[in-house]
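Visitor: Listed below are the residues making up each chain.
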Amino acid sequence: MNKRLKLLPLVLSGLLLLAGMSPAAVYADEPYDVYNYDRWGEAIPSQAGYTAERSISGRDLGVGPMEEPSDLFCDHEGNFYIADTGNDRIIVADNALERTVRIYGRFTMPDGSETSLSKPTGVFVSEERDWLYIADNQNSRVLVSDKEGNVIMEVEKPESDVYDQQRTFLPQKVIADKAGNIYVVLNNITTGAAMFSPAGDFTGFYGANRVEPTAEIITNYIKNIFRSDEKKASMARNVPSGISGFDIDGDFIFTCSQSTTQTTDTVKKLNAAGKNIFAGLELAFGDYTPMYDTAHNKLMKPAIVDIDISDDGSINCLDRTTGRIFQYDEECNLMFIVGTKARQVGGFDTAAAVESCGDRLFVLDSAKDTITVFTETSFGAIVHEATALYNDGYYEEALDPWYEVLRRDGNYRRAYIGVASALMRKGDYKGAMKYAKLADAPKLYDKAFEAYRREFLGKHFGKIAAGSAVLIVAVTVIRRRKKHGTAAAETEEKEE
Amino acid sequence: MMDLTQRQWVKHAVTHPVEGFEDMRWKKSGSLKIAFFIVFLLFVGQVFDGRLYGFQFGVPYDKTFSIVPYLVKSVVLFAAWVVGNWSVCTLLDGEGTMKNICIYSAYALVPYIVQLFVNVLLSHVLIRDEAVFINVIRIIGVGWSVILLFSAVRSVHQYSPGKTVFAVILTIAAMLIMLFLLVLFMSLVQQIWIFILSVYTEISYRFRV
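Sequences listed follow chains A and B, in order. For what it's worth, our numbering labels the leading residue of the first sequence as 187, then goes sequentially. For what it's worth, our numbering labels the leading residue of the second sequence as 43, then goes sequentially.
Read the hints as simulated data drawn from the structure, not as lab findings. All residues carry an ideal CB built from backbone N, CA and C; glycine is no exception. All clues given are correct.
Partial selection, computed: residues in chain B whose CB lies under 10 Å from chain A:
1) Gly96
2) Phe97
3) Gln98
4) Phe99
5) Tyr103
6) Lys105
7) Val167
8) Leu168
9) Ile169
10) Asp171
Extracted from the complex, chain A is given alone in its bound form:
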């Protein structure tokens, strides 16, 4: 009996231990290790900003399985437009992605005849006109129709000298700006997106990528001076990578390029004139150091296939190689990395399109034929709030959210910068120095230190000046004495 009683506390404490451990084991984790990058560009564990909630197939929407869907668009009313490429239709689902609102497969032409889609690969809905823009790939046209399915116009291969007539016209993605200009991404064009006026007339190309000036290109250029024309014709040409996806946010168009061999212009922010605002900044998108894929013996270089701008201005880049979404803030600072290549919910096979709606992220997989819904975690919400405040210049208001971020993830570098900036604004220079040091941000530290030094000197200048004056006097007196002493000794010696 006694023995049993003695054992009881042991058993109890064991049970308690088990209870303490179990939440970690039961906790619904992502099917991947959540990570972020530190100042040194090294991957470190991090908190998840988004969590995969569920994945939706065509059957869940009640329209039968989708086949190689390639585009997803969330319009201003919150409805989702899915380009179901293999089934030649556009599916419209409600905001919760629970039921189908409408299916577009056939359209009425202005002359009353009917027309159907053939492999539509892109869909866009303009807020201003409430029109559908469909990249009707195999029909070589962009179809513009109203919501009732009445075709307003067809944009076909331009008969312009600027457009090489030997090339086909296979629209991949389409968007329209506020003014109604239509931008079309084409498979086989590397000189940018084809741009059409609101009336459907070809006006030129927009936002061509640049060629990366590698050493190989420069040597080829020099060699080409001596090469014959026949030889030149058989050489591989140095062409910029084409645009593979884009999104429009107010006055700016963001483009991305899925080229794995070129790193220039993978993500661009273009203004109305087609000038890249990110061009001068040295930005890297996707994984800094590509993972080595041992199964296929190759580097998993990022291929950013689609880009999306959230309502708060965050930039979501979808990398097909790793199945990851890289979310950046307006200033292109990495916030979160979401997703992976896996069979579970939250993993992708061939990720094709990313779309955001409110605080949710949606990823379309053209091999799994599903849409995966990611919801923001509470950590993600705080980071977004703090980032938005910080980027708008409300440093002090962002202080509390940043502290909260640090409480949850002490590795989150942006939070240290945010806190340091806020403390700096508040006049707590010592604190700003501390946090700038933790953030490994020398320039910020420099500013804080400058202010701190000014303050310190202002307070203690009297003491420092008095102290140094006393020191100088003391040193000179001692020196003079020493000299006098030795000189006196020398004269004494001489006298002797």
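Got chain A sorted already, so can you dock chain B onto it with the hints?
Guide: Coordinates of chain B only, in the frame set by chain A:
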């Protein structure tokens, strides 16, 4: 005349770039103990310079810390210089012994070491805009040391200025060759070590089974 203690000789050599080392040679002065202490200070100075710099002037990579680069930058480099200079100048009719080369070269490094310590201190007081002070002090320190080193080589071997330049260039070449051989040797030892290790593991597996 010139009855200085060993410590005063350091001061004399450093503050008299042209005649200091000649005087030292004439008086047969210079202490190996002080020379080694100076090399130790060089090592400490390099570590300070690498790790304790003011944060506003750059962030040290503090995930790992290896003492080896600092040892190479101070002790190994100095040893290579002394050995290289001795081997070159023995062939070029130099009069210096290994001991004297070591002492004179170490004394010549004093301004450089002082510069390291002063700059580490200054980097905690100055801001980025005032980095020019640090640069000026660095240039003075390095330049002074180079002049002293030249003067040291000249007087320890009793060379003409032209021959000194020639000897210094050859010494640098000898240092490079030595360091190259050292790296080669180290990789060879590593290979042998790996070979022995793999043989050992193989045999131990056999015994276990």
